[in-house]
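**Q** Here is what each chain is made of, one letter per residue.
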Amino acid sequence: MSLINSLVDYLRRSKPKSATLAKERLQVLLAHENPGRRGGPDYLPALKQELLAVIAKYVKVGPEQIKMNVDRQGDYDLLELNIVLPEAPRT
Amino acid sequence: MTKIVVITSGKGGVGKTTTSASFASGLALRGHKTAVLDFDVGLRNLDLIMGCERRVVYDFVNVINGEATLTQALIKDKHTENLYVLPASQTRDKDALTREGVERVINELRESFEYVICDSPAGIEKGALMALYFADEAIVVTNPEVSSVRDSDRILGILQAKSKRAEDGAEPVKEHLLLTRYSPKRVELGEMLSVDDVQEILRVPLLGVIPESEQVLQASNSGSPVIHADSTDVAEAYKDVVSRFLGEARAMRFTLQEKRGIFQRLFGT
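Chain order of the listed sequences is A and B. Using our numbering, you'd call the opening residue of the first sequence number 1 and step up by one each time. Using our numbering, you'd call the opening residue of the second sequence number 1 and step up by one each time.
If you're looking for bench data, these hints aren't it; they were derived computationally from the structure. One thing to keep in mind: the hints can contain errors.
DSS-like cross-link-like pairs, simulated, lysine-lysine; straight-line CA separation at most 25 Å [as the list claims (entries may be wrong)]:
1) A:Lys48 / B:Lys162
2) A:Lys23 / B:Lys11
3) B:Lys174 / B:Lys162
4) B:Lys3 / A:Lys23
5) A:Lys17 / B:Lys185
6) B:Lys78 / B:Lys3
Chain A is nowhere near these chain B residues, computed Cβ spacing over 12 Å in every case [what the hints assert, rightly or not]:
7) Leu29
8) Glu125
9) Arg154
Cβ-Cβ distance ranges computed for the label pairs, FRET-style [claimed, not checked]:
10) B:Ala170 / A:Leu29: 24 to 32 Å
11) A:Val54 / B:Glu171: 31 to 39 Å
12) B:Leu189 / A:Glu87: 26 to 34 Å
13) A:Gly62 / B:Arg104: 41 to 49 Å
14) B:Met252 / A:Ile83: 27 to 35 Å
For each residue, glycine too, the CB sits at the ideal point set by N, CA and C.
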């Protein structure tokens with residue numbers, strides 16, 4: 001019986017579980033769509049504005065050039081900041 | 001003190017009306033005077049699920065427009081004492097629900113009812129916003145499926161931003177998660193999000209789990225809320241939900257697949 005069980009387990013494990021995929025996709029998606037609701041930081045929009053103001057002092061960037069995300073990875077949250085600099089910076 | 005409870009979800013077809021009918025009936029069965037309101041103007045269905053469609057004379061919009069009194073429009077439920085249904089209008093559009101009008105109706109209901117259950121339409125437009133605006137508590141009906149979970153997350157955000165309690169800076173709307181159409185077997189096979197998965201994603205206290213069941217269709221066929229389908233899993237699950245809502249401790253049931261022995265697996269059904 002234990003042989004059959006482990007065989008069943010083996011067969012199950014070899015296929016990716018679609019529920020696991022669903023959970024991962026939702027976690028990534030909802031962290032971005034509704035950060036304030038998730039107990040995550042709701043200061044993101046304000047932080048983004050302030051960073052934008054600071055960066056704009058030196059480089060000409062618009063709001064769409066800044067991408068900011070918070071990802072949950074295991075036990076910690078990762079703040080990801082991505083700024084696309086224009087080709088010719090202001091002197 | 002009357003409690004206003006919205007049954008909402010964002011997504012359509014997840015079981016809002018089924019839940020509204022059974023939850024309101026359950027509260028009434030427990031002796032609480034309850035009114036259940038259909039906010040789906042233009043697409044009314046609560047009357048069918050409650051089995052009172054042939055007794056509709058006046059509706060929610062008639063009351064708002066002063067064409068009928070609340071007493072004239074409320075339909076006394078034939079299955080349960082203490083329960084009244086206010087049907088939506090079938091001929092009007094969602095703009096017929098004004099905030100002032102809805103507030104007047106709800107305040108009048110406060111005078112004689114303990115619970116007012118608001119059956120929200122799907123979506124996040126006027127009808128849905130109106131259904132949740134005056135809520136003290138919200139039951140967010142969710143299927144263990146990606147689009148339903150996403151829409152529930154959205155509607156939770158709206159509850160926290162656009163309800164009267166949010167606008168007034170009052171204590172926030174109390175949120176409850178109700179997982180419906182749950183299939184323990186598929187969860188065990190890794191084909192369906194589990195209760196724990198959905199709870200971890202939405203982070204809302206769990207009010208209950210309603211198993212997927214053929215009984216729900218049979219109940220709607222016959223116009224009798226499924227909570228009356230005695231000794232079925234769904235009816236028991238809804239009764240547990242009502243008990244938990246009333247503050248009683250009830251262990252979660254119907255969330256695990258029954259373990260079957262090797263002989264049953266091989267020869268059983």
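**Q** All hints are to be evaluated individually against the structure, with a verdict given for each.
**A** These are the hints, each one checked on the structure:
1. About 24 Å separates the Cα atoms of Lys48 of chain A and Lys162 of chain B, which keeps this hinted pair within 25 Å; it holds.
2. The straight-line distance between the Cα atoms of Lys23 of chain A and Lys11 of chain B is roughly 18 Å, inside the 25 Å bound, and the hint therefore holds.
3. Taken as a hint, the Lys174 of chain B and Lys162 of chain B pair is honoured in the structure, with Cα atoms around 14 Å apart against an allowance of 25 Å.
4. For a cut-off of 25 Å, the pair hint linking Lys3 of chain B to Lys23 of chain A is broken: about 34 Å separates their Cα positions.
5. A hinted pair counts as satisfied when its Cα atoms are at most 25 Å apart, and Lys17 of chain A with Lys185 of chain B qualifies at roughly 14 Å.
6. Annotation: proposed proximity of Lys78 of chain B to Lys3 of chain B holds, straight-line Cα distance about 23 Å (limit 25 Å).
7. Look at Leu29 of chain B: its CB is around 34 Å from the nearest CB on chain A, clear of 12 Å, so calling it non-interface holds up.
8. Even its closest Cβ contact with chain A, about 18 Å, leaves Glu125 of chain B beyond 12 Å, as expected for a residue assigned away from the interface.
9. Interface exclusion of Arg154 of chain B from chain A breaks down, the closest Cβ pair being 7 Å apart, not more than 12 Å.
10. At about 31 Å, the beta-carbon gap between Ala170 of chain B and Leu29 of chain A stays in the expected band of 24 to 32 Å.
11. For the hinted restraint 31 to 39 Å between Val54 of chain A and Glu171 of chain B, the CB-CB distance of approximately 37 Å keeps it satisfied.
12. Separated by about 53 Å at the C-beta atoms, Leu189 of chain B and Glu87 of chain A break the suggested range of 26 to 34 Å.
13. In this structure the supplied range 41 to 49 Å holds for Gly62 of chain A paired with Arg104 of chain B, their Cβ-Cβ distance being about 48 Å.
14. The hinted range of 27 to 35 Å is not satisfied by Met252 of chain B and Ile83 of chain A, whose Cβ atoms lie roughly 47 Å apart.
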